[in-house]
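Student: Sequence:
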Amino acid sequence: MEAANPLYKNQGIHVIVSIFTVEKGKTKVLLIKRKNEPFKNMWALVGGSLYNNENLDFGLQREIMEKTGLKNIETYFSGIFDDINRSPVMRMLAISYIGIIDNEKVSILKDTFKTSNAEWFPIELVPDLAYDHNNILNSALNSLKSKILTTNILKSLFPNGFTIPEIQKTYESILNEKYDRRNFRRKLLNLDLIYDTKTEIKFEGNKPAKLYKFKD
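All residue numbers for the sequence shown refer to our numbering, where the first residue is 1 and numbers rise by one.
Not one of these hints is a red herring.
Computed cross-link-like contacts, DSSO-like style, restricted to lysine-lysine with a CA-CA straight-line distance of at most 27 Å: (1) 147 / 210; (2) 147 / 215; (3) 210 / 178; (4) 213 / 202; (5) 24 / 213; (6) 24 / 215; (7) 105 / 215; (8) 71 / 26; (9) 105 / 210; (10) 210 / 187; (11) 187 / 147; (12) 187 / 213; (13) 155 / 210.
To be clear, the hints were calculated from the coordinates, so they are not data collected in a lab.
All chains should be modelled from the sequences, with the hints used to inform the complete structure.
Tutor: So this is what it looks like as structure tokens:
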């Protein structure tokens with residue numbers, strides 16, 4: 001039988017997610033510290049091995065829950081990493097995803113069966129990671145930059161709406177660019193991702209600001 005071919009043996013799949021947030025103008029990623037070999041005591045992206053009786057989405061959500069305690073995280077496909085030697089144990093294909101959440105509204109497990117810590121790291125302070133996770137993270141960040149220009153992926157950060165200055169800070173943080181306020185508003189409206197709620201927010205000492213929301 002073809003399935004008995006030894007070239008099919010000793011292979012597996014990693015499902016990995018770069019979970020981002022934006023806090024006080026800084027883009028951060030959630031990292032976990034590994035308890036076990038390989039790469040014991042090294043920081044890594046959230047994820048792990050897919051069981052042979054589960055599909056990708058189920059396995060990814062299971063790994064997120066087991067490693068962080070988070071449930072039902074909305075994720076987006078980012079890329080595939082197929083270097084034959086990316087794992088020292090066996091051939092492991094890595095399927096990468098991205099997600100973004102408001103870190104102030106969730107509680108992250110610090111200690112689990114396979115992890116000894118979990119922290120939000122500013123992108124510029126990310127250390128050397130386990131496996132090829134630095135490469136995966138760089139690719140994921142590029143995916144996030146693309147997604148915020150084409151989808152409503154940032155909706156989870158602003159479920160109740162936002163002002164233009166608020167959303168501009170988030171875009172500038174993720175894209176690592178600065179924009180003129182008037183030009184930014186025009187460009188954002190041209191993306192056709194948001195709408196004017198026809199309501200205003202009043203800030204003490206300032207003029208009322210229009211409230212916008214992402215389209216579904």
